[in-house]
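S.K.: Below are the chains, spelled out letter by letter.
Number of protein chains: 2
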Amino acid sequence: MRDRLLIIGGVAAGLAAAMQARRRAPELDITVLEKSGDISYGACGLPYVISGLIPTLDQLRVHGPEYFRERYGIDLRLHSEALEILPAKSIVRVRAGGETGEVREEGYTRLVLASGAQAVCPPLPGHTLAGIFVMRHLCDGRRMLDYLERVGPRTAVVVGAGYIGLEMAQAFCERGLRTTIIEASHNVMSTLDGVLCERVAEELRAKGVEIIFGEKAAAFEGGAGRVERVLTETGRAVAADIVNIGVGVRPQSTLAASAGLETGESGAITTDAEQRTSVQNIYAAGDCCEVLHRVSGRRVWFPLGQPAVRQGWVAGENASGFEARYAGIVGTNVVKVFELELARTGLSLAEALASGFEADAIESETPSRASYYPGGSKILTRLVYDRSGRLLGAQMVGREGVAQRIDVYAAALHSNLKVDEIERLDLAYAPPYAPTIDPIQRAAHRAKLK
Amino acid sequence: MRDRLLIIGGVAAGLAAAMQARRRAPELDITVLEKSGDISYGACGLPYVISGLIPTLDQLRVHGPEYFRERYGIDLRLHSEALEILPAKSIVRVRAGGETGEVREEGYTRLVLASGAQAVCPPLPGHTLAGIFVMRHLCDGRRMLDYLERVGPRTAVVVGAGYIGLEMAQAFCERGLRTTIIEASHNVMSTLDGVLCERVAEELRAKGVEIIFGEKAAAFEGGAGRVERVLTETGRAVAADIVNIGVGVRPQSTLAASAGLETGESGAITTDAEQRTSVQNIYAAGDCCEVLHRVSGRRVWFPLGQPAVRQGWVAGENASGFEARYAGIVGTNVVKVFELELARTGLSLAEALASGFEADAIESETPSRASYYPGGSKILTRLVYDRSGRLLGAQMVGREGVAQRIDVYAAALHSNLKVDEIERLDLAYAPPYAPTIDPIQRAAHRAKLK
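Residue numbers (the working numbering), protein chains in the order written: chain V, 1 to 450; chain S, 1 to 450.
Do not take every clue at face value.
The list cannot tell twin chains apart, which means a pair is met if one copy fits it or any two copies do.
When the alpha-carbon atoms are kept at most 25 Å apart in a straight line, the in silico SDA-like pairs for lysine to any residue are as follows [claimed, not checked]:
| no. | residue 1 | residue 2 |
| --- | --- | --- |
| 1 | Lys-450 | Val-120 |
| 2 | Lys-448 | Arg-250 |
| 3 | Lys-418 | Arg-104 |
| 4 | Lys-448 | Ala-324 |
| 5 | Lys-216 | Arg-23 |
| 6 | Lys-207 | Gly-375 |
| 7 | Lys-418 | Cys-121 |
| 8 | Lys-216 | Gln-280 |
| 9 | Lys-448 | Ile-91 |
| 10 | Lys-418 | His-79 |
| 11 | Lys-418 | Thr-31 |
| 12 | Lys-378 | Ala-88 |
| 13 | Lys-418 | Ala-218 |
| 14 | Lys-89 | His-127 |
| 15 | Lys-448 | Asn-416 |
| 16 | Lys-89 | Glu-400 |
| 17 | Lys-89 | Phe-357 |
| 18 | Lys-378 | His-63 |
| 19 | Lys-448 | Ala-259 |
| 20 | Lys-450 | Arg-71 |
| 21 | Lys-207 | Ile-437 |
| 22 | Lys-450 | Arg-23 |
| 23 | Lys-448 | Arg-294 |
| 24 | Lys-418 | Leu-292 |
| 25 | Lys-418 | Ala-327 |
| 26 | Lys-207 | Pro-374 |
| 27 | Lys-216 | Thr-232 |
| 28 | Lys-450 | Arg-178 |
These are calculated hints, taken from the structure and not from any lab test.
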């Protein structure tokens, strides 16, 4: 019998693993089980379909199952849910064809778990009313679009001001809905610190989004089975013909934990640099597992698309008998909030202190272009560094040139550069793109002086 | 008597040196001699004043002499030309007040040479006709603007397709002049190689700029003392009511060489990492001196604004009795050619081979945003690397996201990263700004496979 690679999950990490395994092992039997009816799509594009910027949900699809079947000989099975892993027998119990489908056993030589993450939806009173959504999978987008078109809501509430919450608030606002964010903490984007959060809140308000800080959503109320308002814990009622819950995600690791795979503090699956789990012949990749944070040296849960694809490659490579290692993350991400680019890499000051660093932070605000060149704006940079001057993290917000500038700090973190080395980098200068001394260097200079 | 720091040159490097010395040494006598009547201006902005994008030349001025005098106690003397340096006596002979001015001796404890570079203007037949300009200093811009307004030219020729030539061609074109570039080689931007040059030529032609490759300008002809056409060496006549010569620059190092300061192959002044010249108590900084190229390990002449300012800081620091070192360059620059961003860092393939590397190159073309996100375009990347996989250089061209992406490669060069390490960087991803796997990483992946 041929060796068989079984992969649970057919979105980013799962398909990356399947494709990499196929590149390496032309003869391997590769089977991918996907619980839903959708594979290979850009989940990060969902808010832009809701806003109307991207006309149809289908544009987020990259490839259909036939592409993988016919072109790469990958057996891709939709509506196939893994119910149980039996490592001792190298078997997965799978229900095919939806909730009433038949349960069968699928054997494997090696298994890759790429079960992803799921949105957290707190079971508040009224949470089963129609019109309350999370936004994670293609089907979430499909359901929300249908509701928007069918019901025609005029007011929206977004619960939670994390990056998906911010993108959804913008999407509702751009669709013309009167939109309110309810955020339990006193800041947007818990992964940021300092005045950057304020800039984001200012931008949201300037675009007409209302923000209620420091209050939790406590209940949903409505009529005719549909949500009409959100009540906060202080009793405030906020009109909401539609609600998006963006309070966070959790790793889908129940299946793994039941099979005895080790999980970390975060609840996500523990892996080594080869993406091996604690159980032989089982690998994990993507949003269901922890990764090495190169700055803190800790294993953390950091569910994002780019690391997921890369871990998928590494898992696919190793699971097909070759060797690859995942270098880990430095915690880079970026989000667009209306006209603002908001990016971070490494640790925030709070995270650095919690990780045991003697850390400090500075902020620096500098123009994005030569002062005399029209159309520029200011970039606010916050750098976090330790006593030796080693960079620990960077956060940036501005109207242009942020999304790529953060990557220079990410590269600096990768190489363990100190702030005085960052100041000395030879960076590109031309009046339309940067001042003579780039904001990246200005901020490093300030950090060096302090 | 107080120690006296004398600085020759009052633009980028000279003023950076003066300011840094003042920060470090509040009591030091600091005198800056500037030959022209202009100091502290953004020379890189000149093409944008010519194009009309920046309404007046005055917007390029950063500070006037009184700013430096009153606020920092720096004695800034305009129209003061250094004629001779006498190191044995620690004296500079200076003519003040223009060509007929008085010659005086100025003593120094330490001297910083920041005499810059000058545009090369080949003495072709007819080169003294009115309407023929170089573009280097503020006064060049002033003269050209005056000519444009007074004479109202309708056709323009730019001789040389280096980055200033390209910017000037764009400026003329945007002013509505019928513009032709005459370039002796078969490519724009001699520092680029591969198909990137073709992309730039396509962009220029698409905007209506004609390009004549492989021919040299041989003579200028005209009537009533004004240029009317450029003749090429093959006898072609190109209509030209105005001409910009952009065939290159040369270091202004005659004064230094006459005083016995060592100069390199390029003719620019030799310095060490502290910006010391071969003669005691004399420092040099900016476009008049060579710098260490960190990739080739050679001392090269690379006259650009950002390195000039940084060398100025280092020279000012050391010349005031403190210690600083200039880390050298990796050869980064960027230029805007109409809607194209064109950037490079490190060595081109030709330069790498000439520097003795066993080098190879790949090209990679990838989208600037997620495929489904509207408004994206493609970025063409060329990477140069050696047999061990060490990155030696990168070149990029595209309509967005190039000017900052090149800086990630610059940081990678600074840290001597290999292409497989660059592939593993944790870079920012969001649909409006990048595909899941960034063009930076896609190109590195291709290089790794090869």
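S.K.: It remains to establish, for every hint, whether it holds in the given structure.
M.R.: Going down the list of hints, with the structure as the test:
Taking the closest pair of Cα atoms, Lys-450 and Val-120 never come within 25 Å of each other, the shortest separation being 41 Å inside a single copy and 44 Å across copies. For the identical chains of this complex, Lys-448 and Arg-250 are neighbours neither inside a copy (38 Å) nor across copies (35 Å), given an alpha-carbon limit of 25 Å. Taking the shortest alpha-carbon separations for Lys-418 and Arg-104, neither the intra-copy value of 56 Å nor the inter-copy value of 47 Å comes in at or below 25 Å. In this homomeric assembly, Lys-448 and Ala-324 come within 25 Å of each other (Cα to Cα) only across copies, at 13 Å, whereas the closest approach inside a single copy is 37 Å.
Within a single copy, Lys-216 and Arg-23 get their C-alpha atoms no closer than 49 Å, and across copies no closer than 51 Å, so neither meets the 25 Å cut-off. Proximity of Lys-207 to Gly-375 under the C-alpha cut-off of 25 Å is found in both arrangements, the shortest distances being 20 Å within a copy and 22 Å between copies. Taking identical chains as interchangeable, the C-alpha atoms of Lys-418 and Cys-121 are never at most 25 Å apart, the minima being 41 Å within one chain and 44 Å between chains. For a Cα distance limit of 25 Å, the shortest separation of Lys-216 from Gln-280 qualifies neither inside one copy, at 43 Å, nor across copies, at 70 Å.
Taking identical chains as interchangeable, the C-alpha atoms of Lys-448 and Ile-91 are never at most 25 Å apart, the minima being 57 Å within one chain and 37 Å between chains. Neither within a single protomer nor between protomers do Lys-418 and His-79 lie at most 25 Å apart by alpha-carbon distance, with minima of 50 Å and 42 Å respectively. In the homo-oligomer, the alpha carbons of Lys-418 and Thr-31 never lie at most 25 Å apart, since the shortest distance is 46 Å inside one protomer and 34 Å across protomers. Proximity of Lys-378 to Ala-88 under the C-alpha cut-off of 25 Å is found in neither arrangement, the shortest distances being 59 Å within a copy and 49 Å between copies.
Within a single copy, Lys-418 and Ala-218 get their C-alpha atoms no closer than 46 Å, and across copies no closer than 52 Å, so neither meets the 25 Å cut-off. Taking the shortest alpha-carbon separations for Lys-89 and His-127, neither the intra-copy value of 41 Å nor the inter-copy value of 88 Å comes in at or below 25 Å. For the identical chains of this complex, Lys-448 and Asn-416 are neighbours both inside a copy (15 Å) and across copies (23 Å), given an alpha-carbon limit of 25 Å. Taking identical chains as interchangeable, the C-alpha atoms of Lys-89 and Glu-400 are never at most 25 Å apart, the minima being 55 Å within one chain and 53 Å between chains.
Proximity of Lys-89 and Phe-357 under a CA criterion of 25 Å is satisfied in neither setting, with 45 Å inside one chain copy and 54 Å between copies. For the homomeric pair Lys-378 and His-63, the shortest alpha-carbon distance between copies (21 Å) is at most 25 Å, but the shortest distance inside one copy (40 Å) is not. For a Cα distance limit of 25 Å, the shortest separation of Lys-448 from Ala-259 qualifies neither inside one copy, at 50 Å, nor across copies, at 37 Å. In this assembly of identical chains, Lys-450 and Arg-71 lie within 25 Å of each other by CA distance solely across copies; the values are 24 Å between and 57 Å within a copy.
In the homo-oligomer, the alpha carbons of Lys-207 and Ile-437 never lie at most 25 Å apart, since the shortest distance is 32 Å inside one protomer and 31 Å across protomers. In this assembly of identical chains, Lys-450 and Arg-23 lie within 25 Å of each other by CA distance solely across copies; the values are 15 Å between and 51 Å within a copy. Proximity of Lys-448 to Arg-294 under the C-alpha cut-off of 25 Å is found in both arrangements, the shortest distances being 22 Å within a copy and 22 Å between copies. For a Cα distance limit of 25 Å, the shortest separation of Lys-418 from Leu-292 qualifies both inside one copy, at 21 Å, and across copies, at 21 Å.
Taking the shortest Cα distances, Lys-418 and Ala-327 sit within 25 Å of each other both inside one copy (20 Å) and across copies (14 Å). Taking CA atoms no more than 25 Å apart as the test, Lys-207 paired with Pro-374 passes in both settings, with 23 Å inside one copy and 21 Å between copies. For a Cα distance limit of 25 Å, the shortest separation of Lys-216 from Thr-232 inside one copy, 5 Å, qualifies, whereas the shortest one across copies, 76 Å, does not. Taking the shortest Cα distances, Lys-450 and Arg-178 never come within 25 Å of each other, neither inside one copy (44 Å) nor across copies (53 Å).
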